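Engineer: Each chain, letter by letter, is given below.
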Amino acid sequence: MKLGELAAALGVPCLGNADAPILGVGEFETAAATQIALAVGARRERLASSRAAAFIVAADTVTEADSARYNLLPTAYPKVAFARAIQLLHVAPRQPTGIAPEACLAPDVVIGDAPTIGPRAVIGGGARLGARVTIHSGVVIGRDVTIGDDTIIFPNVTIYDGARIGARCILHAGVVIGADGFGYARAADGAHVKIPQVGTVVIEDDVEIGANSTIDRATLGETRIGRGVKIDNLVHIAHNCVIGEETLLAALAGLSGGVKVGRRVTIAGQVGANPQVEIGDGAIIAGKAGVTKSVAGGETYAGTPIATLREWKRERIHAARLPYRLPDIETRLATVEATLKALLPLLTPPTAESED
Amino acid sequence: MKLGELAAALGVPCLGNADAPILGVGEFETAAATQIALAVGARRERLASSRAAAFIVAADTVTEADSARYNLLPTAYPKVAFARAIQLLHVAPRQPTGIAPEACLAPDVVIGDAPTIGPRAVIGGGARLGARVTIHSGVVIGRDVTIGDDTIIFPNVTIYDGARIGARCILHAGVVIGADGFGYARAADGAHVKIPQVGTVVIEDDVEIGANSTIDRATLGETRIGRGVKIDNLVHIAHNCVIGEETLLAALAGLSGGVKVGRRVTIAGQVGANPQVEIGDGAIIAGKAGVTKSVAGGETYAGTPIATLREWKRERIHAARLPYRLPDIETRLATVEATLKALLPLLTPPTAESED
Amino acid sequence: MKLGELAAALGVPCLGNADAPILGVGEFETAAATQIALAVGARRERLASSRAAAFIVAADTVTEADSARYNLLPTAYPKVAFARAIQLLHVAPRQPTGIAPEACLAPDVVIGDAPTIGPRAVIGGGARLGARVTIHSGVVIGRDVTIGDDTIIFPNVTIYDGARIGARCILHAGVVIGADGFGYARAADGAHVKIPQVGTVVIEDDVEIGANSTIDRATLGETRIGRGVKIDNLVHIAHNCVIGEETLLAALAGLSGGVKVGRRVTIAGQVGANPQVEIGDGAIIAGKAGVTKSVAGGETYAGTPIATLREWKRERIHAARLPYRLPDIETRLATVEATLKALLPLLTPPTAESED
Numbered sequence: 001m002k003l004g005e006l007a008a009a010l011g012v013p014c015l016g017n018a019d020a021p022i023l024g025v026g027e028f029e030t031a032a033a034t035q036i037a038l039a040v041g042a043r044r045e046r047l048a049s050s051r052a053a054a055f056i057v058a059a060d061t062v063t064e065a066d067s068a069r070y071n072l073l074p075t076a077y078p079k080v081a082f083a084r085a086i087q088l089l090h091v092a093p094r095q096p097t098g099i100a101p102e103a104c105l106a107p108d109v110v111i112g113d114a115p116t117i118g119p120r121a122v123i124g125g126g127a128r129l130g131a132r133v134t135i136h137s138g139v140v141i142g143r144d145v146t147i148g149d150d151t152i153i154f155p156n157v158t159i160y161d162g163a164r165i166g167a168r169c170i171l172h173a174g175v176v177i178g179a180d181g182f183g184y185a186r187a188a189d190g191a192h193v194k195i196p197q198v199g200t201v202v203i204e205d206d207v208e209i210g211a212n213s214t215i216d217r218a219t220l221g222e223t224r225i226g227r228g229v230k231i232d233n234l235v236h237i238a239h240n241c242v243i244g245e246e247t248l249l250a251a252l253a254g255l256s257g258g259v260k261v262g263r264r265v266t267i268a269g270q271v272g273a274n275p276q277v278e279i280g281d282g283a284i285i286a287g288k289a290g291v292t293k294s295v296a297g298g299e300t301y302a303g304t305p306i307a308t309l310r311e312w313k314r315e316r317i318h319a320a321r322l323p324y325r326l327p328d329i330e331t332r333l334a335t336v337e338a339t340l341k342a343l344l345p346l347l348t349p350p351t352a353e354s355e356d
Numbered sequence: 001m002k003l004g005e006l007a008a009a010l011g012v013p014c015l016g017n018a019d020a021p022i023l024g025v026g027e028f029e030t031a032a033a034t035q036i037a038l039a040v041g042a043r044r045e046r047l048a049s050s051r052a053a054a055f056i057v058a059a060d061t062v063t064e065a066d067s068a069r070y071n072l073l074p075t076a077y078p079k080v081a082f083a084r085a086i087q088l089l090h091v092a093p094r095q096p097t098g099i100a101p102e103a104c105l106a107p108d109v110v111i112g113d114a115p116t117i118g119p120r121a122v123i124g125g126g127a128r129l130g131a132r133v134t135i136h137s138g139v140v141i142g143r144d145v146t147i148g149d150d151t152i153i154f155p156n157v158t159i160y161d162g163a164r165i166g167a168r169c170i171l172h173a174g175v176v177i178g179a180d181g182f183g184y185a186r187a188a189d190g191a192h193v194k195i196p197q198v199g200t201v202v203i204e205d206d207v208e209i210g211a212n213s214t215i216d217r218a219t220l221g222e223t224r225i226g227r228g229v230k231i232d233n234l235v236h237i238a239h240n241c242v243i244g245e246e247t248l249l250a251a252l253a254g255l256s257g258g259v260k261v262g263r264r265v266t267i268a269g270q271v272g273a274n275p276q277v278e279i280g281d282g283a284i285i286a287g288k289a290g291v292t293k294s295v296a297g298g299e300t301y302a303g304t305p306i307a308t309l310r311e312w313k314r315e316r317i318h319a320a321r322l323p324y325r326l327p328d329i330e331t332r333l334a335t336v337e338a339t340l341k342a343l344l345p346l347l348t349p350p351t352a353e354s355e356d
Numbered sequence: 001m002k003l004g005e006l007a008a009a010l011g012v013p014c015l016g017n018a019d020a021p022i023l024g025v026g027e028f029e030t031a032a033a034t035q036i037a038l039a040v041g042a043r044r045e046r047l048a049s050s051r052a053a054a055f056i057v058a059a060d061t062v063t064e065a066d067s068a069r070y071n072l073l074p075t076a077y078p079k080v081a082f083a084r085a086i087q088l089l090h091v092a093p094r095q096p097t098g099i100a101p102e103a104c105l106a107p108d109v110v111i112g113d114a115p116t117i118g119p120r121a122v123i124g125g126g127a128r129l130g131a132r133v134t135i136h137s138g139v140v141i142g143r144d145v146t147i148g149d150d151t152i153i154f155p156n157v158t159i160y161d162g163a164r165i166g167a168r169c170i171l172h173a174g175v176v177i178g179a180d181g182f183g184y185a186r187a188a189d190g191a192h193v194k195i196p197q198v199g200t201v202v203i204e205d206d207v208e209i210g211a212n213s214t215i216d217r218a219t220l221g222e223t224r225i226g227r228g229v230k231i232d233n234l235v236h237i238a239h240n241c242v243i244g245e246e247t248l249l250a251a252l253a254g255l256s257g258g259v260k261v262g263r264r265v266t267i268a269g270q271v272g273a274n275p276q277v278e279i280g281d282g283a284i285i286a287g288k289a290g291v292t293k294s295v296a297g298g299e300t301y302a303g304t305p306i307a308t309l310r311e312w313k314r315e316r317i318h319a320a321r322l323p324y325r326l327p328d329i330e331t332r333l334a335t336v337e338a339t340l341k342a343l344l345p346l347l348t349p350p351t352a353e354s355e356d
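Chains as they are written, first to last, in the numbering used here: chain G, 1 to 356; chain P, 1 to 356; chain Z, 1 to 356.
Excised from the complex, chain G in its bound form:
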């Protein structure tokens, strides 16, 4: 593809040699002379250090000198252009391969057009799959599951009975959807009585779930993952959680039962959240934070117990100085005390003296 064609396909301007051949997208540091690279942040300042044929750059950083010297595709959304360039240049169109003879489907499974269902996939009775679904090997889909159009399910995923998966979802290998929530009642003798988990899980459209993540079914009602939510690997979402649209959850985060997360929230890695807490729209929860209580949207939080990032930083600064400040304060205080003590005998009031 020529650079000008790529620019046209991405809907961005082409500054420089529109005829330069572009065979792929490369990493900035290691790109070949036939590749285009993303140059944002610090990399933007050192285009000369990359051999790439062209660069995707932020439109507001383009200088006349650079545009004279380099082939540039400027755009207000350089990462989006980067993503689309990879899609165009590296991702082959889907080729449906049909249903492998070694797949094991219940007789009443309904499957849309152009499926790919791999060997050893198992699909239970009453399941309904949309058009162009891809079900890889070793996937086990329970009874009465529904899966939307264009959804891709990687190997060894398990979907329990009754779960509903939307369209254009991607479930990576080892994901478990719809296992029982962790719910017990303590009986008179102290033993744990299992609360049967008879609710379900709903995954809306355009959700991606990372490898070995687990999303439990609801006790009653449903656990719901909103449209466009993106979940990283090894994330735990407990029974009856509700996650708002386009929220992100990074690896090893865990939400307890009944947590409500708003829209476009960012939950960083290894964050935990207590049962039933609510996280407002657009909130950002920093890595490893413990969401010990509900927090409002539009703010960044950190620490355990949870605090605003500002509060947390202020406390951290003071805590880090403690080893220096506290001994200093104690030394100064002791000096003051000693001075006062030494002074006290000198301060017998003069009037008392005159009484002698």
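Read the hints as simulated data drawn from the structure, not as lab findings.
Errors might be hidden in some of the hints.
It does not matter which identical chain is used: a pair holds within one copy or between any two.
[Unchecked claim] For lysine-lysine, the following PhoX-like pairs were computed, each having C-alpha atoms within a straight-line distance of at most 25 Å:
1) K313 to K293
2) K313 to K230
3) K79 to K230
4) K194 to K230
5) K194 to K79
6) K79 to K2
7) K2 to K194
8) K260 to K79
9) K79 to K293
10) K313 to K79
11) K341 to K194
12) K293 to K260
All values reported here derive from a predicted model rather than from experimental measurement.
Keeping the supplied structure of chain G fixed, place chains P and Z upon it in accordance with the hints.
Structural biologist: Chains P and Z alone, transformed into the frame defined by chain G:
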């Protein structure tokens, strides 16, 4: 089922209309008029806001006004009654389906009465399964594994050679039992020499293990999960751990090698424990705590390094105030120092003056 | 095997009865009279409490009294001798069983000598497997994957297309290699545009990966796990990470995208690392730490934000004393202030008095 029949089945009194038809258990907020709901805690105070036909309530909260107005099932253990009502009204009795022709069993596998073994399950030589076991699709069971009566193993679980699983256990999808412990010896050249892990894992009766949790085999001897232990999703239990009866471990908790946990301990989400530490009976470890040393039973702990909850809270309160208190102290101290400094010239002793 | 034969096989001296029969390796506390046990640390001081026939001990701890009384195998590397003794006495030599008829291999898969490939394994087109590989049941291997000699892959592992696995690796059950990295670009309308992950994963030789751990493919280029790296269970390694040789990662640790870890680093359980940070050779990261910035090698670190262990401990000591020291300081300061206030009227200069 009529409300009176349900009450009788649960062994609790029925206050109100014993003839009210109850078709299911609903969530308090969304229950239909033919459902019963659990009303404890804050919900107890707002029965009028639910459309449920009847409520399971704590016996000591029943007022005459409420019992005149609502259909109530009062009990000292409302969550237990709730669990049993769901079981009665929503869970169909198990229907064994036999051994799927697509299952792959070694010739000498011994299986009790009324099994359900799904397609693509693989069971190794020497395995012995009790009566009424359910082995879902994609499960791989190694050689010489034993599994007790009425145990349910969900899809894509792996059980390594020689592990022993008790009766009435539930292993959710993706669980791995008996993988090698993480043990290496550093050789003269600094390389890691693997310590072969030749011990085993014993899961006692009535244990439930959440999706994608992993319990490693012992180096020598055994890793043991006590009767009635309940483990949430994505929990890691290392080689040679011993977990006492009826202990709970929440999601993403991790125990290092050789940790000994007592009976009826509660380990919250994302807790970690150092190698070889011991946790006493009935201890509660708060979420995200790091059990850096052994702790006695009957107490609640938090933080890293581990401390009693009381100590942790006291420290947290002081730490949170630091940004305000430390500057205040420093300002006051500087004022005192300045005052003293200004005073000192004034304090030439009067006796010295009289000597002039 | 006789003790003398075992000593010879391990290449260590035999002190005591070289004819003592040794049938196995036992745990120090529970060893039978025909077993050898490891006796290091505190156990070294109480050999009399074990019934073991002989002990592997650190050479520099052997006393004449002990060597007269016990059968000892002294060595500078007792854990290595222990590992090798278990290997010799407990691990049967590998017996290749060929390719199970229920395995599902693409026609063009290339497999070396003496394979073991279990039922229900699925191997995609273009895969090349070395000699003596063991692929357990339920493993799904994508297209164009390469696997080196003597590598063992436990059940229900998933390896995505194009990944390269070295020789003598061990992948435990449920591991996922090569799932997509967690990468999105935010579009003008706020939606997440997936950045296609078209790079790969390279696992070098002698790597062991614990159950249900996940290693993502690179966006472009490769994620690389160095020779001899050992990874525990439920570990997350994101796209484009590079892990140096012989580094250890304990359970539930998570590395964000593009993290560079040096050689012989130790990363303890539940550690997290921010995107792009670098960890120097030989660094030790204590459990639960958050690597919030790059850290140099050869040092031990702890806490979030990351600090040297020394700094962290000093801060912890002061923080733990806060509840006692801060009130004490405030009380003393108030006393000083009150004393000064009471004194001030007394300090009208004597010269002023004489002016009256």
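Engineer: If a hint holds in the structure, say so; if it doesn't, say that too.
Structural biologist: Each hint, compared with the structure:
1. K313 to K293: Close inside one copy (19 Å) and across copies (15 Å); limit 25 Å.
2. K313 to K230: So K313 and K230 fail the 25 Å test inside a copy (28 Å) and across (35 Å) alike.
3. K79 to K230: within (17 Å within a copy, 34 Å between copies)
4. K194 to K230: between (31 Å within a copy, 9 Å between copies)
5. K194 to K79: Answer is between: at 10 Å across copies they meet the 25 Å cutoff, but 48 Å inside does not.
6. K79 to K2: Classified as within; 20 Å inside a copy, 61 Å across copies.
7. K2 to K194: between (63 Å within a copy, 24 Å between copies)
8. K260 to K79: Close across copies (22 Å), not inside one copy (30 Å); limit 25 Å.
9. K79 to K293: Between copies only: 24 Å across, 34 Å inside.
10. K313 to K79: neither (30 Å within a copy, 41 Å between copies)
11. K341 to K194: neither (68 Å within a copy, 67 Å between copies)
12. K293 to K260: within (12 Å within a copy, 31 Å between copies)
Of the numbered hints stated above, those contradicted by the structure are hints 2, 10, 11, listed in ascending order.
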